[in-house]
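*Asks:* We have chain A already, so just place chain B on it with the hints.
Line order of the protein sequences matches chains A and B. So for the first sequence, the numbering used here puts the first residue at 1; every next one is plus one. So for the second sequence, the numbering used here puts the first residue at 1; every next one is plus one.
Cβ-to-Cβ under 10 Å is the rule here; a few derived chain A residues that face chain B:
hint	residue
1	Glu7
2	Val9
3	Ser17
4	Ser27
5	Ala28
6	Glu29
7	Met32
8	Gly66
9	Leu68
10	Glu70
11	Ala80
12	Thr110
Read the hints as simulated data drawn from the structure, not as lab findings. Quick reminder that beta carbons are idealized off the backbone N, C-alpha and C, glycines included.
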Amino acid sequence: MATFKFELVSPERILFSGEIVSVIIPSAEGEMTVLAGHAPLVATLKTGILLVQTSESNGKEFFVNGGLVEVNQTSTTVLAEQARFLEDVDASVLEAEILTVETRIEGAHTEEDKKRLRETLVQLREFKHVFEGRKAA
Amino acid sequence: MPSLKDLRNRIASVKATQKITKAMQMVAAAKLRRAQMAAEAARPYAERMETVLANLAGGVTGSTAPRLIAGTGADKVHLLLVLTAERGLCGAFNSSIARLARDKALALKAEGKTVKIICVGKKGYDILRRQFAAEIIEFIDLREFKQVGFANAEMIAQNVLARFNAGEFDVATLFFSRFRSVIAQIPTAQRIIPAEIPAGTQQTDAVYDYEPEEGEILETLLPRNLTVQVLRGLLENAASEQGARMSAMDSATRNAGEMIKKQTQLYNRSRQAMITKELIEIISGAEAL
Numbered sequence: 001m002a003t004f005k006f007e008l009v010s011p012e013r014i015l016f017s018g019e020i021v022s023v024i025i026p027s028a029e030g031e032m033t034v035l036a037g038h039a040p041l042v043a044t045l046k047t048g049i050l051l052v053q054t055s056e057s058n059g060k061e062f063f064v065n066g067g068l069v070e071v072n073q074t075s076t077t078v079l080a081e082q083a084r085f086l087e088d089v090d091a092s093v094l095e096a097e098i099l100t101v102e103t104r105i106e107g108a109h110t111e112e113d114k115k116r117l118r119e120t121l122v123q124l125r126e127f128k129h130v131f132e133g134r135k136a137a
Numbered sequence: 001m002p003s004l005k006d007l008r009n010r011i012a013s014v015k016a017t018q019k020i021t022k023a024m025q026m027v028a029a030a031k032l033r034r035a036q037m038a039a040e041a042a043r044p045y046a047e048r049m050e051t052v053l054a055n056l057a058g059g060v061t062g063s064t065a066p067r068l069i070a071g072t073g074a075d076k077v078h079l080l081l082v083l084t085a086e087r088g089l090c091g092a093f094n095s096s097i098a099r100l101a102r103d104k105a106l107a108l109k110a111e112g113k114t115v116k117i118i119c120v121g122k123k124g125y126d127i128l129r130r131q132f133a134a135e136i137i138e139f140i141d142l143r144e145f146k147q148v149g150f151a152n153a154e155m156i157a158q159n160v161l162a163r164f165n166a167g168e169f170d171v172a173t174l175f176f177s178r179f180r181s182v183i184a185q186i187p188t189a190q191r192i193i194p195a196e197i198p199a200g201t202q203q204t205d206a207v208y209d210y211e212p213e214e215g216e217i218l219e220t221l222l223p224r225n226l227t228v229q230v231l232r233g234l235l236e237n238a239a240s241e242q243g244a245r246m247s248a249m250d251s252a253t254r255n256a257g258e259m260i261k262k263q264t265q266l267y268n269r270s271r272q273a274m275i276t277k278e279l280i281e282i283i284s285g286a287e288a289l
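Bound-form chain A, shown alone (with noise of 0.2 Å):
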């Protein structure tokens, strides 16, 4: 299958950095999966997993909270505000993300930063909720 260059850097490192098969992305307006050829395209993120498929049976995930991602001809980038591997997330993560964000919505200046931070708050909580979800499964 046709590879394309895919990396997920955030503010303190690279996390990925290869040739990949497809890459599912939790962007702003819905789940999308990029493959090799995928049109330009510049998208924000939401708080998600983000699934690399290395080969057509070995993926890896990634949880991912905020960003952008840029598909260009010939490569992938996600730049994500946070990410990690999706093994070293647990609910206390998650709780302390959600508490950091509900402090800052109330040390918030203006309405407009309170309406984007709350929406991040429902998208932790709702991603909490999947989780946990898979965690029991």
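*Replies:* Okay, now just chain B, sitting in the frame of chain A:
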């Protein structure tokens, strides 16, 4: 001529100092490795961000461009965001950043512009306070954080952004020290508002699809870019600080070693001279009998 006891004391004290500087050097070296890794790990993100931003910004010029790119249209009030260390004993690190900021502030004032300064880090604040007490509008203390991270950068960026939105300034410049190597740290001034779009980045001809709208993406991207630039400044600064401290402490250790060598030689000589003198006294006394 100092007595033997004086010399002994002096040697002991220099040795004690040498031990401290040596320890500081080793601590700085260990911290440097971590700081350097953090700084280098943050570079790709900042670079990719710049490329994406350059691609996006190419599409929105003129009156529709957000203020963070286009500026307020005025050039009257300048904000200098000066990042320095919280601790001293790191050579010319703090003073070189402060000097760069001071020169810029004086040049701006000479042009009749208003200057406002935000100091991050105690050392830069201490230096700049002497001359620009009236201009410093805020001092941000990061002493309690062992390692600076995204959260710190975000806090600073939010602060700057709130001021920008309140119309407190037109142009913001970030001052920090770029980490080149252990012996070379380059004090750098970088304009962050309006965002400096790096020239020469390859603009891809491809027409991008935007999800959501182009303007909306830019709205979220630009504040984030500000945070990333501040973060980069902080991380580069952390690495530079440790590098500067390491080389400063290295030369201090070497100087102490030299001093010990000289003093020991002087001590041995005067001790030998004393013994010889006593021998002569004894021998001549015996001969006289």
